[in-house]
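As they're listed, the protein sequences go chains S and R.
Everything in the first sequence is counted per our numbering, starting at 1 for the first residue and increasing by one.
Everything in the second sequence is counted per our numbering, starting at 1 for the first residue and increasing by one.
Among the hints, erroneous ones may be present.
[Stated by the list, open to error] Simulated crosslink set (DSS-like; lysine-lysine; CA at most 27 Å straight-line):
1. S:Lys35 <-> R:Lys313
2. R:Lys406 <-> S:Lys35
3. S:Lys66 <-> R:Lys415
4. S:Lys66 <-> R:Lys526
5. R:Lys375 <-> S:Lys66
6. S:Lys66 <-> R:Lys357
7. R:Lys406 <-> S:Lys66
8. S:Lys156 <-> R:Lys450
9. S:Lys82 <-> R:Lys357
10. R:Lys375 <-> S:Lys35
11. R:Lys526 <-> S:Lys152
The hints are simulated quantities; they were obtained by calculation from the structure and are not laboratory data.
Remember, it's a predicted structure, so these values are computed and weren't measured experimentally.
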Amino acid sequence: MKNLAITLLLLIGFNALGSSTSIADSAASYYRQGKYERSAQSLEILIQQNYVSSDLCAALGNAYYKQNNIGLAILNYERALKLNPGNADLQDNLNLANAKKSDKISDEVQMSMYTSIKKLNASIHYDTLAWIALSLMAFAAVGIIVSRFSAKEKRKRLVVSGVSLAGIGILALCFTLYQKSILDENKEGIVLDASVEVHSEPSSTSSVVVTLHEGSKIILNESDRNWVKVRINAEYSGWILKSSAAEI
Amino acid sequence: MHKLLVLIAIFFCLTGYAQQITIKAESNNPSPDVGDNFQISYVIESPSNLGNAKLVPKAVNGLRFLNDGRSTGYYSNWVNGKSSVKYQLTYTVAYQAEKAGEYNIAPLEIVIEGKTYKSNSVKIVVSAVDQSKIVRSEEYYLDITANKKSVYLGEPLSLTIKYYSQFNLSGLQINNEPEYNGFYKKDLASNGQSAVKTINGKQHVVGLYRQSLLIPIEAGTHHIPKLSGTISLVSQGFGFFQQTEERKIYSNTLSITVKPLPLSGQPTSFSGAVGNFSISAKVDKDHVKANDAISYKVIIKGSGNIKMTELPKIAFPADFEVYDPKISENISTDASGMSGQKTYEYILIPKHAGESKIAALEFSYFNPATAQYQKTSAPEIAISVDKGDGSAAGYVNKEDLKFAQKDIHYFAVNKELLHQGKTTPFTGSTLFWLLAILPQLAMIAIIVMKRERTYDAAALISSKNKNAAKIASKKLKVAEQHLQNKDNKAFYGAVLNALNSYLSDKFNIPLVNLNKQMIAEVLQTKGSSEQDIKECIVLLEKCEMAQYAPVNDVISDIYAKALAIITKIEA
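Work out the full structure: start from the sequences and follow the hints.
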């Protein structure tokens with residue numbers, strides 16, 4: 001309690017940067033002392049203050065892992081990996097945490113369109129694709145403008161290549177928007193409650209499809225009041241309370 | 001035929017013989033209460049000894065089979081001057097009534113020489129006993145007491161069952177002693193010496209039935225039900241013949257609350273020890289040569305559920321060979337719980353020279369007295385290992401590296417990379433749409449503007465072409481004025497100017513680019529005759545020359561020629 005009061009004082013007394021570094025320091029020293037709960041609390045304050053970094057999520061994941069809070073550990077490792085894809089250390093930690101969860105559903109939720117889009121997104125992020133598409137379209141525009149000022153023979157070639165570039169660019173742009181909409185509709189989430197009953201309808205009286213356990217990866221779709229639709233695999237989906245899972 | 005008669009005779013003999021076997025079943029108590037014991041006796045009479053016959057007691061759901069036994073005897077009697085010997089086998093089956101209800105115990109079957117004989121069936125009515133309505137007799141009763149009624153999980157308590165009686169008694173049997181589910185039970189004493197005690201002014205015989213140590217292994221409220229039993233009272237008869245009388249005896253009930261261990265403040269090293277402990281560790285020598293054995297002892301000492309304690313994981317140096325420990329216990333159990341010590345002896349063999357450490361051991365336990373978790377620790381032990389004497393000279397045993405089980409990688413928050421604000425995706429942002437639309441708008445705008453400018457230029461040219469003659473005639477009029485003023489030089493200049501600007505406007509050639517060759521070419525393409533072209537060129541040359549030197553020509557001719565050329569071109 002006293003420590004919390006000091007932390008709060010620090011929060012009030014220092015400017016944003018000063019307090020954030022001191023909180024990060026105290027989180028690290030708590031972690032070294034084995035006070036994982038305190039460490040996690042400090043890091044959560046940084047997250048609440050809108051700080052983002054892969055390290056921050058990874059350190060928070062470690063603090064939860066040490067407390068044996070596997071759901072939150074997996075959630076934060078996944079968040080860290082999202083910010084820093086392909087980091088081998090992070091992947092190791094995630095694997096260790098995944099080994100501790102009880103549900104043996106496959107890591108990747110298999111859904112034809114979503115899965116292929118997700119794979120594509122891992123190699124070319126939709127923002128990268130957007131820049132490529134926009135550059136193509138800008139090149140095309142420049143080409144067509146230049147053609148206006150050039151001699152007749154050159155003009156025709158410039159117009160043809162400009163129009164085809166523009167075509168490719170527009171196609172790529174449409175695909176980028178499609179890719180983003182698919183990823184926006186299907187957000188990956190992690191089950192945080194020790195066990196969650198997945199209902200067939202957004203009400204607690206409806207039949208139970210399956211019971212999921214802490215740490216399972218699911219796809220979050222649309223929501224209805226305080227319920228959210230989840231997809232477990234290509235075959236099964238259902239509704240759970242929003243509070244029992246969190247988006248990666 | 002003869003054979004058949006013999007067979008019939010044998011058959012009748014056998015049936016006659018067989019009919020002499022009788023089985024009678026009887027119960028000593030046809031209407032017992034729940035918890036009572038009763039017996040069914042089967043009396044089997046037969047002309048031959050059936051002492052070894054196979055008899056199977058009947059299993060009845062709701063009656064608990066206790067035991068069975070048999071006894072044999074024989075007697076002879078005289079009937080109508082014939083003597084016959086009868087063997088009697090008494091088979092007794094004891095049951096305990098478990099559930100209230102009506103039971104029909106099926107006939108007992110006995111198979112003799114291929115033929116089955118059956119007894120009668122016995123009807124037993126078991127009536128329920130309403131535990132709450134049983135009034136414990138003031139004169140004789142059982143008393144259950146516990147030294148603690150609210151304990152933490154793992155905290156030992158002792159349970160004592162005593163009997164109290166105002167009469168002398170010769171026997172006590174408890175029929176429904178519970179199984180103490182949720183406890184680890186160890187009996188400490190039973191059937192001790194009885195003593196005489198005065199309670200409320202009356203003398204009682206008080207004796208210990210049983211004392212047990214209970215260690216709770218499940219949290220919750222545990223009820224110990226009312227015990228019921230039978231007591232054999234010795235009536236105060238005269239002298240040698242004493243009569244005993246069986247009576248029912250009941251106890252009080254007891255509930256024991258087992259509190260779960262608090263989750264808050266539970267140390268990670270906690271493994272279920274409840275009580276008060278201390279841990280110590282020692283080695284027999286801390287300076288050895290490689291491959292010499294060291295004895296490492298860890299002792300857990302204290303009181304509580306010491307039998308259930310587990311040693312914390314010991315971090316031995318990786319290149320020590322460690323053998324499974326020898327565990328010895330010296331634990332005494334009494335009404336206050338278990339106490340003593342548990343010793344783990346490890347044999348360690350350091351394989352390589354160097355300074356090694358056996359890490360400090362931390363043992364945590366829950367102390368029910370303070371209701372808090374406490375820690376005890378054994379300090380780190382340093383061991384220095386010298387090089388071995390090389391008795392296995394020239395040969396080095398190569399070993400695989402021993403890796404600990406994989407743990408998570410440490411991550412520190414990099415403060416330089418810490419920044420506020422979530423990155424919003426670029427796709428779909430305002431900048432995205434601006435970059436998508438602006439180049440296209442720019443392209444369209446430029447194309448439109450370019451078209452407008454060329455259109456403007458075209459209009460200018462056509463108007464210039466139309467007005468070329470007008471402008472030329474105006475300029476020639478200036479030349480005419482110069483002619484009247486006799487200013488020859490200015491006249492030639494004006495004519496040259498008029499012609500040049502006419503040709504420039506007419507054929508859309510910038511003035512700077514205008515030269516004679518080009519004029520000749522343009523005029524040719526416009527279909528002017530060779531002579532006209534030549535005249536035009538000559539005229540222009542004359543006018544140019546007149547700018548620098550006086551020309552001997554008829555000035556009015558020049559004027560007329562210039563006019564003629566313009567008129568021809570216009571035509």
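So, going through the hints one by one against the coordinates:
For a cut-off of 27 Å, the pair hint linking Lys35 (chain S) to Lys313 (chain R) stands: about 20 Å separates their Cα positions. Annotation: proposed proximity of Lys406 (chain R) to Lys35 (chain S) holds, straight-line Cα distance about 21 Å (limit 27 Å). For the hint linking Lys66 (chain S) to Lys415 (chain R), the alpha-carbon distance of about 22 Å falls within 27 Å, and the restraint holds. A C-alpha spacing of about 97 Å is found between Lys66 (chain S) and Lys526 (chain R), which places the hinted pair above 27 Å, so the restraint is violated.
Between Lys375 (chain R) and Lys66 (chain S) the CA atoms are separated by roughly 20 Å; this keeps the pair inside 27 Å, and the hint holds. Taking the CA atoms of Lys66 (chain S) and Lys357 (chain R), the gap is about 25 Å. The hint holds against a cut of 27 Å. The hinted pair formed by Lys406 (chain R) and Lys66 (chain S) meets the criterion: a straight-line CA distance of about 14 Å does not exceed 27 Å. A distance of roughly 17 Å separates the Cα atoms of Lys156 (chain S) and Lys450 (chain R); the hinted pair therefore holds under the 27 Å criterion.
Using a Cα cut-off of 27 Å, the hinted pair Lys82 (chain S) and Lys357 (chain R) is violated, with the two alpha carbons roughly 41 Å apart. Only pairs whose Cα atoms come within 27 Å are accepted, and Lys375 (chain R) paired with Lys35 (chain S) is accepted, the gap being roughly 16 Å. At most 27 Å may separate the alpha-carbon atoms for a hinted pair to count; Lys526 (chain R) and Lys152 (chain S) meet this at roughly 25 Å.
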